[in-house]
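Chain by chain, the residues run as shown.
2 protein chains.
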Amino acid sequence: MSLLARAETSLAFSFEGAVGHSAPPRLVAAMRHAVFSGGARIRPQLTLSVAIACGDDQPALSNAAASALELMHCASLVHDDMPAFDDADIRRGRPTVHKAFGEPLALLAGDALIVMAYQVLLNAGHALPERLIGLMQSMSAGVGLPNGIVAGQAWECEPRADLGQYQRAKTGALFVASTCAGALASGSDAQPWVTLGASLGEAYQVADDIRDVMGLSADLGKPAGQDLLHTRPSAASELGLGGAVDYFQDLIQTAVDSVPACTCRDMLQQLVRRESERLVPSAACAAYRLPSARSAPVVSA
Amino acid sequence: MSLLARAETSLAFSFEGAVGHSAPPRLVAAMRHAVFSGGARIRPQLTLSVAIACGDDQPALSNAAASALELMHCASLVHDDMPAFDDADIRRGRPTVHKAFGEPLALLAGDALIVMAYQVLLNAGHALPERLIGLMQSMSAGVGLPNGIVAGQAWECEPRADLGQYQRAKTGALFVASTCAGALASGSDAQPWVTLGASLGEAYQVADDIRDVMGLSADLGKPAGQDLLHTRPSAASELGLGGAVDYFQDLIQTAVDSVPACTCRDMLQQLVRRESERLVPSAACAAYRLPSARSAPVVSA
Chain A
13 MSLLARAETS LAFSFEGAVG HSAPPRLVAA MRHAVFSGGA RIRPQLTLSV
63 AIACGDDQPA LSNAAASALE LMHCASLVHD DMPAFDDADI RRGRPTVHKA
113 FGEPLALLAG DALIVMAYQV LLNAGHALPE RLIGLMQSMS AGVGLPNGIV
163 AGQAWECEPR ADLGQYQRAK TGALFVASTC AGALASGSDA QPWVTLGASL
213 GEAYQVADDI RDVMGLSADL GKPAGQDLLH TRPSAASELG LGGAVDYFQD
263 LIQTAVDSVP ACTCRDMLQQ LVRRESERLV PSAACAAYRL PSARSAPVVS
313 A
Chain B
13 MSLLARAETS LAFSFEGAVG HSAPPRLVAA MRHAVFSGGA RIRPQLTLSV
63 AIACGDDQPA LSNAAASALE LMHCASLVHD DMPAFDDADI RRGRPTVHKA
113 FGEPLALLAG DALIVMAYQV LLNAGHALPE RLIGLMQSMS AGVGLPNGIV
163 AGQAWECEPR ADLGQYQRAK TGALFVASTC AGALASGSDA QPWVTLGASL
213 GEAYQVADDI RDVMGLSADL GKPAGQDLLH TRPSAASELG LGGAVDYFQD
263 LIQTAVDSVP ACTCRDMLQQ LVRRESERLV PSAACAAYRL PSARSAPVVS
313 A
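Residue numbers (this note's numbering), protein chains in the order written: chain A, 13 to 313; chain B, 13 to 313.
Keep in mind that a hint or two might mislead.
Since the list can't tell identical chains apart, any single copy or any two copies may satisfy a pair.
Said to hold, decoys possible - Only pairs whose alpha carbons sit at most 25 Å apart, straight line, appear in this in silico SDA-like list of lysine to any residue:
| hint | residue 1 | residue 2 |
| --- | --- | --- |
| 1 | Lys111 | Gly227 |
| 2 | Lys111 | Pro171 |
| 3 | Lys111 | Arg172 |
| 4 | Lys111 | Thr207 |
| 5 | Lys111 | Ala100 |
| 6 | Lys111 | Pro158 |
| 7 | Lys111 | Val206 |
| 8 | Lys111 | Ala273 |
| 9 | Lys111 | Phe97 |
Since the hints were derived computationally from the structure, they do not count as laboratory data. For clarity, every value in this text was computed on a predicted model and none was experimentally measured.
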């Protein structure tokens, strides 16, 4: 089974195991809409590939950890799309949750997905308390205060924000939790996997900034030009587009190099490179890198 | 130290232990505004009094459990007050979080408080994994799907809702989690404490309906007439005001009678009766009960 198929199957299994039979039907429908809508599932794939690299001796716990992190990601998308933030009508080519179900259910669906992420971990891990507690601590750090994705989003509401801190929190934190979860679910030390998550996560955020400026965002099913519109910190506006593209490629290289020696090193490195290409096609990068590469010798001559 | 003082001190300690030093300052301010604003702290007081009844051999864990449940309650208030739901300007006599900090930070503060509730439990309980896991399962059930307070709120978005199921979920679920948490934190069986939480929680919801109609809600620092305005299920509209008052008093009696034999039985029963009086003063009840009590013999004569 491919990583993507395993991530998708696990998510469906975890969701059904937590949802119960007596919940309000429209809330459940809104949550399903948020979760099962063709996401790339990069976070759970990261978790699963690191778990495999670490032996994956408790695959049900790895699956639950992968699912929990994707549920957190989906929760954040539901709330970020709401009128208070991006006011986005479209996500992954379909109506956003608040457009399809209204704002009250979007708000509640996000809340319920956050709690469900913990429920999924508890359902799968209560017999392995040490691993479970490590996973919950790591996931909480990836989402909550002081430096998780909720804090990252909140930096947009501050009069001043450090671009690096903002990006590490807004996207990097949940990527770090995702790589660490694979190790923790397998009873391994999470530390060697932090750099992979952090650099890949920051690369995602920089890619998002680049795509937003290049107008590529529509390919991912969401509107372009949002950073400028919402005056958000952006690598593209801080470094220029060429600088942002260079920075993105450096981050990808750091992620690739950080993968510890293990039987799955090739698989993980390929996963990172494939994602890099999907996010910012190298052809698009080259177009923006060439002018500065050509002009550099002229300036120094 | 009184129960209220212990609840308040614990909440401040738990909050500071989880908030960290590098979080966005306005987000932290919004969370403080939501949590430290003179709430009655009935849920944490319930947790602490049940913990004492069960021996309270791990007071730091009891304190954390009490705090976590209050954080969940505060999170739900922040989101419920937002324009998508009650659109309330005032809570406990002060501006609501979205009025004071804007909608984006209100949305994020609620999310961060949900995660913080888990962080508080993890910080205090990681050395007692069995109790910690029980507490997390119980708290998750009180908040999430299928029958927690988020589900309760979502029943307002359904075309049809059973009044009992709605009230049990919307308010009762977190009260059940609060009484059970006291037992679980002390290593005791939670089951004997379910009825106390469930009946007191339902009484709170019925009291809210009664107050909303009687116009007493302003005493609690929020606007009256919200149920009718938002066409929500309400005991007062389903049973009539007299019937709702009778039902409220039956629920309080059930709660009082349910307290298991223990050294703290009197204290707990007094807590319940004091809350009953605070919520719906017996003088107000009497005014609504007398006519039906007087007319009954006439009808049967």
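Tested hints:
1. Taking the shortest alpha-carbon separations for Lys111 and Gly227, only the intra-copy value of 23 Å comes in at or below 25 Å, while the best inter-copy value is 35 Å.
2. In this homomeric assembly, Lys111 and Pro171 come within 25 Å of each other (Cα to Cα) only across copies, at 18 Å, whereas the closest approach inside a single copy is 30 Å.
3. Proximity of Lys111 to Arg172 under the C-alpha cut-off of 25 Å is restricted to the inter-copy arrangement: shortest distance 22 Å between copies versus 31 Å within a copy.
4. With identical chains, the CA atoms of Lys111 and Thr207 are never at most 25 Å apart, being 37 Å at best within one copy and 40 Å at best between copies.
5. In this assembly of identical chains, the alpha carbons of Lys111 and Ala100 lie at most 25 Å apart whether taken from the same copy (9 Å) or from different copies (23 Å).
6. Taking identical chains as interchangeable, the C-alpha atoms of Lys111 and Pro158 lie at most 25 Å apart only when they sit on different chains, with a minimum of 24 Å there against 31 Å within one chain.
7. Neither within a single protomer nor between protomers do Lys111 and Val206 lie at most 25 Å apart by alpha-carbon distance, with minima of 36 Å and 39 Å respectively.
8. For a Cα distance limit of 25 Å, the shortest separation of Lys111 from Ala273 qualifies neither inside one copy, at 46 Å, nor across copies, at 52 Å.
9. Taking the closest pair of Cα atoms, Lys111 and Phe97 come within 25 Å of each other both inside a single copy (14 Å) and across two copies (16 Å).
In terms of the numbered hints stated before, the structure departs from hints 4, 7 and 8, listed from lowest to highest.
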